[in-house]
Amino acid sequence: MGQYVLNENEGKYLFNLCASNGHIVATSMVFPSKDDCLDGINRIRKTAKDAAIEDTTTQDWQHVPAPKYRIFQTLSGNYFFRFYPDESNDLAQSHSYPRKESLLRRIERMRNEGDSPLAQDEE
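Under numbering that gives the first Met the number 0, the residues of the sequence shown are numbered 0 to 122, in order.
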């Protein structure tokens, strides 16, 4: 099982969802408080497993309702996702990957490990 690791900088917080192999699956947006950051983690825990994939890199892509993983492609050709627990703003984003297959494996990892606990020293 993975873990959520909180990071604080100048009174603002973000989290990384780290997979069981230690790799970062996704990094959150910046939150104004620790409580808001913990709420963001709980939103992922509740919605990540069953979230759909919306692939904006295909020519015939279709909008899907949230929760969802929305796939994007950078100008340099790499792929990344943003996670939307609802129809408002994205909550977390992946690193970029040169192959879509690698990105899809990260989405599966987030689905499987989205309900992970906080790191021991964060509780």
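Calculated directly from the structure, the hints in this document are not laboratory data.
Think of the CB as a built atom: it goes at the ideal place given N, C-alpha and C, for glycine as much as any other residue.
Errors might be hidden in some of the hints.
What the hints assert, rightly or not - Per label pair, the in silico range of CB-to-CB distance:
#	residue 1	residue 2	range
1	Gln-92	Pro-64	18 to 24 Å
2	His-62	Leu-117	29 to 35 Å
3	Val-29	Ser-95	15 to 21 Å
4	Asn-41	Ser-19	18 to 24 Å
Verification of the supplied hints:
At about 20 Å, the beta-carbon gap between Gln-92 and Pro-64 stays in the expected band of 18 to 24 Å. Judged by the Cβ atoms, the range 29 to 35 Å given for His-62 and Leu-117 holds: they are separated by roughly 33 Å. A hinted range of 15 to 21 Å holds for the C-beta pair Val-29 and Ser-95, which are about 19 Å apart. Remark: the range hint 18 to 24 Å for Asn-41 to Ser-19 is upheld by a beta-carbon distance near 20 Å.
Going through the hint list in order, the structure satisfies each hint without exception.
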